[in-house]
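Engineer: Using the sequences and the hints given, assemble the complete structure.
From first to last, the protein sequence lines are chains C and X. Sequential numbering of the first sequence, starting at 146, is according to my numbering. Sequential numbering of the second sequence, starting at 146, is according to my numbering.
For the record, the hints were derived by calculation from the structure and aren't laboratory data. In this text, all values refer to a predicted model and were calculated from it rather than measured experimentally. Where hints are given, some of them may not hold.
[Stated by the list, open to error] Pair by pair, the computed Cβ-Cβ distance ranges are:
id: 1; chain 1: X; residue 1: Pro-253; chain 2: C; residue 2: Ser-191; range: 47 to 55 Å
id: 2; chain 1: C; residue 1: Ile-247; chain 2: X; residue 2: Asp-301; range: 54 to 62 Å
id: 3; chain 1: X; residue 1: Ala-260; chain 2: C; residue 2: Leu-315; range: 34 to 42 Å
[Said to hold, decoys possible] These stretches of chain X come out as covered by chain C in the derived footprint (C-beta under 8 Å, 3 or more residues):
id: 4; segment: 180 to 190
id: 5; segment: 316 to 329
For every residue, glycine included, the Cβ atom is placed at its ideal position computed from N, Cα and C.
Take a look at the letters that make up each chain.
Protein chains: 2
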Amino acid sequence: MTSDSRLSWRDVRDRIHEHILTGRYGPGDRLPRDADIAEELGCARSTVQRAMQDLSDSGLVERRRKGGTRVRAEPVTRATLDIPITRREVEQSGARYGYQLIRRRMAPAPRGVVAAFGLGASRPMLRVEALHLSDGRPYIFEDRWICPETSPEVNDLDFTEESANEWLVLNKPYTRLDLRFYAVSANPRLSDLLETEPGAALLVIERTTWVDDAPITTVKAITTPGYQLLTGS
Amino acid sequence: MTSDSRLSWRDVRDRIHEHILTGRYGPGDRLPRDADIAEELGCARSTVQRAMQDLSDSGLVERRRKGGTRVRAEPVTRATLDIPITRREVEQSGARYGYQLIRRRMAPAPRGVVAAFGLGASRPMLRVEALHLSDGRPYIFEDRWICPETSPEVNDLDFTEESANEWLVLNKPYTRLDLRFYAVSANPRLSDLLETEPGAALLVIERTTWVDDAPITTVKAITTPGYQLLTGS
DNA sequence: TAGTGGTCTAGACCACCGG
DNA sequence: CGGTGGTCTAGACCACTAT
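Structural biologist: In structure tokens, the structure reads:
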């Protein structure tokens, strides 16, 4: 009478989402048990479970054993961000990619790097500074520190042709990642490297990665004016 | 002999992840069929499926019907971002939250707003400018446009006590979201409002939301110097 | 068209945690 | 302790797409 085909977990998800949009379930309200929803809709409990997992992933509801499922009282704006390899990013914009190593040398990790990794004390690390170019013009300046204990291979790499960005992403999978975004004013050196006016506002993307608590690398990707980071949604 | 308890999908995920880390499966390589992995590990295929779903969500592998599962050739750095309501953000930092409406009026949507929504032509919208304070000092300046057709309730709200940020997040769930981040230099008005030096570099978080292609709101959250956006990971 | 992942089901047991 | 979500299984069928 009503529907001929089975309910998919997306259907179930959308129905519940609809109820939340409509206000049938408001912030903080408790939803029926999965089993009850399943019975009401005429599907298996695991289908409801799959739908709820999705709603939970998107931050719309919170689930607890015994506590049940509740609409999140303090909603958050949740989004997924994809940061591609810089070379790919440039090429996909239709421009010609270029790369230029600025400096490569061992040095004791400064305080900021020690803090980013959560280490107790400083230690010697490999610092690699490089410039990514788009159609020959500066695109991103990369100031990177690599932990040689975790990646001994870097001692044999000079990073004159291939960027550390690319080598690490391809060869050093991580198990933990910290990302942060902020803005800085171009100091004289940066405005020189990036060919911008002194004091220009630059978006900085800072990434730190670990393998099982062993620090791999931390990098500040300092972008050129006008650069925008978008969600993939 | 080997193991007494069942494999969980996390175990399966970690094993495969390990194989990718080790290089047993390199970028672009094809992994065995789910069914074969299940048999090899002695678990149900759906357990492998659950593990693979997770690896796929984190951008480590790509799955296609008939094409099988492959290690992503061009890896991306993928992260999930949670942006809380500004009031909560301030309060959780231990500071006292304050709010101040700067201006509220109807106006024709400028080109940038029309473009953000993907509309064909301009139309009158409600513009709300407001300041969020942390311990009495400027924290974030919010420049927002609201589409009154989608949210007619805003005609009866003056936003002098409650911020549009909070009202919208609590009362206007969205089905689509666009996020972008970039840096701007403080112009005279911004440096005045935010009590910063003229030309200071500021991180801007731009959010646009829709319900089923109907535009709800677009907002530029212009932060104060030093503000950092972090991943929840 | 055939191979592979995607989903649904029904049932069972487990893990967590609120009352 | 008991209620609820989390997971695993075995099997079936479907949907997509590479070959």
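Engineer: Compare the structure with each hint and give your call.
Structural biologist: So, going through the hints one by one against the coordinates:
1. X/Pro-253 to C/Ser-191: 47 to 55 Å: holds, 51 Å
2. C/Ile-247 to X/Asp-301: 54 to 62 Å: The hinted range 54 to 62 Å holds for C/Ile-247 and X/Asp-301, with Cβ atoms some 58 Å apart.
3. X/Ala-260 to C/Leu-315: 34 to 42 Å: holds, 36 Å
4. 180 to 190: violated (count 0)
5. 316 to 329: holds (count 10)
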